[in-house]
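S.K.: The residues making up each chain are set out below.
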Amino acid sequence: MNKFTLHTGIAAPMDRANIDTDMIIPKQFLKSIKRSGFGKNLFDELRYLDEGLPDQECTGRPLNEDFVLNKARYQGTSILLARENFGCGSSREHAPWALEDFGIRSVIAPSFAEIFYNNCFKNGLLPIVLSDETVEQLFKEVAATEGYQLTVDLERQLVVTPAGEEIAFEIDEFRKHCLLNGLDDIGLTLQHADDIRAYEDKRKQQAPWLFGAIK
Amino acid sequence: MAGKTLYDKLFESHLVRQNEDGSSLIYIDRQVLHEVTSPQAFEGLRLAGRQPWRIDANIATPDHNVPTTERSAGVDQIADPVSRIQVKTLDSNCDEFGILEFKMNDQRQGIVHVMAPEQGAILPGVTAVCGDSHTATLGALGALAHGVGTSEVEHVLATQCLITKKMKNMLVRVDGELGIGVTPKDVVLHVIGVIGTAGGTGYAIEFGGDVFRNMSMEGRMTVCNMAIEAGARVGLVAVDQTTVDYVEGRAFAPKGAQWLQAVEAWKDLVSDTDAEFDEVVVINGAEIEPQVTWGTSPEMVVGVGDQVPNPANETDQVKIDGINRALQYMGLEADQKITDIKLDRVFIGSCTNSRIEDLRDAAKVVEGRKVAENIIQALVVPGSGLVKEQAEKEGLDKIFTDAGLEWREPGCSMCLAMNPDKLGNGEHCASTSNRNFEGRQGFGGRTHLVSPAMAAAAAVAGHFVDVRELIK
Chain A
0 MNKFTLHTGI AAPMDRANID TDMIIPKQFL KSIKRSGFGK NLFDELRYLD
50 EGLPDQECTG RPLNEDFVLN KARYQGTSIL LARENFGCGS SREHAPWALE
100 DFGIRSVIAP SFAEIFYNNC FKNGLLPIVL SDETVEQLFK EVAATEGYQL
150 TVDLERQLVV TPAGEEIAFE IDEFRKHCLL NGLDDIGLTL QHADDIRAYE
200 DKRKQQAPWL FGAIK
Chain B
0 MAGKTLYDKL FESHLVRQNE DGSSLIYIDR QVLHEVTSPQ AFEGLRLAGR
50 QPWRIDANIA TPDHNVPTTE RSAGVDQIAD PVSRIQVKTL DSNCDEFGIL
100 EFKMNDQRQG IVHVMAPEQG AILPGVTAVC GDSHTATLGA LGALAHGVGT
150 SEVEHVLATQ CLITKKMKNM LVRVDGELGI GVTPKDVVLH VIGVIGTAGG
200 TGYAIEFGGD VFRNMSMEGR MTVCNMAIEA GARVGLVAVD QTTVDYVEGR
250 AFAPKGAQWL QAVEAWKDLV SDTDAEFDEV VVINGAEIEP QVTWGTSPEM
300 VVGVGDQVPN PANETDQVKI DGINRALQYM GLEADQKITD IKLDRVFIGS
350 CTNSRIEDLR DAAKVVEGRK VAENIIQALV VPGSGLVKEQ AEKEGLDKIF
400 TDAGLEWREP GCSMCLAMNP DKLGNGEHCA STSNRNFEGR QGFGGRTHLV
450 SPAMAAAAAV AGHFVDVREL IK
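Quick mapping for you: the protein sequence lines, in order, are chains A and B. The numbers in numbering that gives the first Met the number 0 rise by one with no breaks, and the one at position 121 of the first sequence is 120. The numbers in numbering that gives the first Met the number 0 rise by one with no breaks, and the one at position 41 of the second sequence is 40.
Because the hints were derived from the structure by calculation, they are not lab data. One should not assume that every hint holds.
What the hints assert, rightly or not - Below are the DSS-like pairs computed for lysine-lysine, each with C-alpha atoms no more than 27 Å apart in a straight line:
| no. | chain 1 | residue 1 | chain 2 | residue 2 |
| --- | --- | --- | --- | --- |
| 1 | B | K3 | B | K165 |
| 2 | B | K87 | A | K214 |
| 3 | B | K266 | B | K3 |
| 4 | A | K201 | B | K254 |
| 5 | B | K3 | B | K164 |
| 6 | A | K203 | B | K336 |
| 7 | B | K369 | B | K341 |
| 8 | B | K87 | A | K33 |
| 9 | B | K87 | B | K102 |
| 10 | A | K214 | B | K164 |
| 11 | B | K102 | B | K3 |
| 12 | A | K175 | B | K254 |
| 13 | A | K70 | B | K336 |
| 14 | B | K102 | A | K214 |
| 15 | A | K39 | B | K471 |
| 16 | A | K175 | A | K214 |
| 17 | A | K201 | B | K318 |
| 18 | A | K201 | B | K102 |
| 19 | A | K33 | B | K336 |
| 20 | B | K397 | B | K318 |
| 21 | A | K70 | A | K39 |
| 22 | A | K214 | A | K201 |
| 23 | B | K318 | B | K363 |
| 24 | A | K175 | B | K397 |
| 25 | B | K165 | B | K254 |
| 26 | A | K203 | B | K164 |
| 27 | A | K139 | B | K254 |
| 28 | B | K471 | B | K341 |
| 29 | B | K369 | B | K392 |
| 30 | B | K3 | A | K201 |
| 31 | B | K102 | B | K164 |
| 32 | B | K341 | A | K203 |
| 33 | B | K336 | A | K201 |
| 34 | B | K318 | B | K341 |
| 35 | B | K3 | A | K203 |
| 36 | B | K167 | A | K175 |
| 37 | B | K318 | B | K336 |
All figures in this text were calculated on a predicted structure; none of them were measured in a lab.
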């Protein structure tokens, strides 16, 4: 997994609530058995005017010029600014895969849907929760200044604006640790294999019907 | 000390390890796998040289991509090459690792959340995950079940555990009795309308009160299924005699002495009377009307006798923008009557509403009637091969086809249109599925979520109609 430590990049405003994972990556692209290559279909139905097909070459497709990520000033965006309940709906991890593949490193919103939030951390993508007021302030600043960039400092848990304003954010210790070091959860959990076996032995005594039944 | 909620009990009884950083390692008794969210997890195991921790905790079936038309020639017959590869990949992964899979033409194949409880693979008191957000369905059995992403599918395959954090507890209590023609789907849509699409975020929702106590297991599954549409990863209903009766005799349920031992253990799977919930929502069941969603989020829902909302009545700008965008996408006018919404297609199916009871409800409405002329297609897609068989035994297939609906093979179908069943651009669909997001059922498609009875009524009327007028 990619590490996330310090990142500075162009921020783009996705000004709507409840952006769902169907919107982030429509279902026809979930047929891939790979983990990469989803970036060209990120926000496919918002980004292009035609209907996207799996394995289709996307250069040359008609672009929706009104869509924020298609605008010249937001080329190279790596930080998304969004409204409440970002990432709701389906559990598809293809959503963070698509964001990451497109070049997004962090999403800032007042709230996230849980499964999406969780999936981000497995993919080196940092979701940041800030208050409604702060998000509103950032929306205004982004709109006012072309080339507006934010810096995200995970170690210090700060979002830094171009004016130097430092905005603190919260994050679980465990998630922060994994992201800073690019750690693989499975390896960490297997360090506790003895605890898992001990629990499993106890479980076999309590609920023997759960063992050996499915075959 | 206050008593424990059902969620607390399930969580605590599966705790393997409490980590210093506040996260918890919990044991997962069951994982259900399907073709869309598992290939990268199996690939991850292979790349790391890992084996599944426990083979007998897993069960698999293809559902999202499978065609629902005649498919006796097998997987090679799947027309879409990418869908075909995905289904074949599940088959080969399960074969390679020795995981039990009900392949496409096995009669036990079906939508994961229909198949797993039907087989007794999910039992009261277990923890279960699946790479699908509607895994919440399984909480209807008093199991702690939720959707996970593909990295977590791999994590559970490799370790039989999940790193998680305890959720908060919410009780949604629906008291009293439901009116005639008002179904579990209407109850859960109404609940989502009340608490909002993010209202349950961070919570495990327990559904309590007379309405759920008197509800069948099928109905409870419909309700828990849509907990995620209120933001809650987990929906739960306490175990009672209805649960025990449902489980008894199923293929992977305990038998003999173990059955008696299990039933005894399951008696504790209720919230203590003095349990404290972080949030309690109380609704009067008698006031719930048949529901119809008008917009592009499940919280955009009203009673069938109501009108499409008017943004002029709102004050919050984000909300006003949301309503305007939804009206434009859906091609509707503010204040338009719900019963004036004309429909093009009808879909009866999905992990929310494709169980036998759902099909009976729909059949009752269409029996002796005909699908309206303006309806291009009305699909009935049973949730599993076994549901299909039962429905055919009862003659429901005949009722549907006589009325002009199509009777299909089991799968996810038009709920998310990964297979050939989809809406055309701009078409309105009365759908018994769970999400009305933009493009969900096909590019530019317009989804209205309803109960099976309401979908059936819409099929014969050609527009929304209060089903209570048809079943008087």
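S.K.: Compare the structure with each hint and give your call.
M.R.: Cross-check of the supplied hints:
1. K3/B to K165/B: Distance ~13 Å between K3/B and K165/B Cα, so the pair holds.
2. K87/B to K214/A: 20 Å, holds
3. K266/B to K3/B: 14 Å, holds
4. K201/A to K254/B: Between K201/A and K254/B the Cα gap is close to 21 Å, so the pair holds against 27 Å.
5. K3/B to K164/B: The hint holds at about 17 Å.
6. K203/A to K336/B: Violated, at about 57 Å.
7. K369/B to K341/B: 16 Å, holds
8. K87/B to K33/A: 14 Å, holds
9. K87/B to K102/B: 10 Å, holds
10. K214/A to K164/B: It is violated: about 31 Å lies between the C-alpha atoms, which goes past 27 Å.
11. K102/B to K3/B: 41 Å, violated
12. K175/A to K254/B: Since the Cα atoms of K175/A and K254/B sit roughly 46 Å apart, the hinted pair is violated (cutoff 27 Å).
13. K70/A to K336/B: 38 Å, violated
14. K102/B to K214/A: Roughly 14 Å between the alpha carbons, so the hint for K102/B and K214/A holds.
15. K39/A to K471/B: 53 Å, violated
16. K175/A to K214/A: Measuring from Cα to Cα gives roughly 39 Å; hence the hint is violated.
17. K201/A to K318/B: The given pair, whose Cα atoms are some 51 Å apart, is violated under the 27 Å limit.
18. K201/A to K102/B: 33 Å, violated
19. K33/A to K336/B: 46 Å, violated
20. K397/B to K318/B: 45 Å, violated
21. K70/A to K39/A: 16 Å, holds
22. K214/A to K201/A: Given pair K214/A, K201/A holds - Cα atoms ~22 Å apart, limit 27 Å.
23. K318/B to K363/B: Violated - the C-alpha atoms of K363/B and K318/B are around 39 Å apart, more than 27 Å.
24. K175/A to K397/B: 58 Å, violated
25. K165/B to K254/B: 33 Å, violated
26. K203/A to K164/B: 24 Å, holds
27. K139/A to K254/B: 64 Å, violated
28. K471/B to K341/B: 23 Å, holds
29. K369/B to K392/B: The hint holds at about 22 Å.
30. K3/B to K201/A: 22 Å, holds
31. K102/B to K164/B: 35 Å, violated
32. K341/B to K203/A: 56 Å, violated
33. K336/B to K201/A: 59 Å, violated
34. K318/B to K341/B: Holds, at about 26 Å.
35. K3/B to K203/A: Holds, because 24 Å separates the two Cα atoms, which is no more than 27 Å.
36. K167/B to K175/A: 22 Å, holds
37. K318/B to K336/B: 21 Å, holds
The structure shown violates the earlier hints numbered 6, 10, 11, 12, 13, 15, 16, 17, 18, 19, 20, 23, 24, 25, 27, 31, 32, 33.
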